[in-house]
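Novice: In terms of the numbering used here, the sequence shown opens at residue 1 and continues consecutively.
Hints are all accurate, no fakes.
Here are the simulated distance ranges between beta carbons:
hint: 1; residue 1: Glu71; residue 2: Val3; range: 17 to 23 Å
hint: 2; residue 1: Glu70; residue 2: Glu25; range: 26 to 32 Å
hint: 3; residue 1: Glu70; residue 2: Pro4; range: 17 to 23 Å
hint: 4; residue 1: Ala1; residue 2: Gln28; range: 15 to 21 Å
hint: 5; residue 1: Gly10; residue 2: Arg82; range: 28 to 34 Å
hint: 6; residue 1: Thr18; residue 2: His88; range: 15 to 21 Å
hint: 7; residue 1: Asn26; residue 2: Glu71; range: 29 to 35 Å
hint: 8; residue 1: Ala14; residue 2: His88; range: 19 to 25 Å
Calculated directly from the structure, the hints in this document are not laboratory data. In this text, all values refer to a predicted model and were calculated from it rather than measured experimentally. C-beta: ideal position from N, C-alpha, C; glycine also.
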Amino acid sequence: APVPLTVLAGFLGAGKTTLLKHLLENKQGLKIGVLVNDVASVNVDAQIVENVGHDASIELQNGCVCCTLEEDMLQAISTLVRKHRPEHIILECSGVAEPA
1 APVPLTVLAG FLGAGKTTLL KHLLENKQGL KIGVLVNDVA SVNVDAQIVE NVGHDASIEL
61 QNGCVCCTLE EDMLQAISTL VRKHRPEHII LECSGVAEPA
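When you get a sec, could you build the whole thing from the sequences and use the hints?
Specialist: Encoded structure:
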């Protein structure tokens with residue numbers, strides 16, 4: 001069955017991580033998989049999200065999912081679905097990503 005995927009995108013400081021934390025803190029029993037993208041070598045957002053309840057997460061770092069990490073993103077989604085069987089996936093894009 002298809003798994004819904006929500007993309008959180010916006011400029012740096014737009015509140016993507018705050019929204020993601022709110023969704024995870026209020027998931028009401030929904031099994032959520034999380035992909036967190038950061039262009040830096042240290043994924044700060046992933047460290048923040050790790051302290052919040054979620055079922056599975058994968059970090060995508062050292063690049064942007066809209067250009068350099070596209071293949072990694074597809075593999076990460078496949079891994080989440082195959083290993084963790086989430087009911088919903090949330091992808092938090094880097095603040096420099098172009099979601100179009």
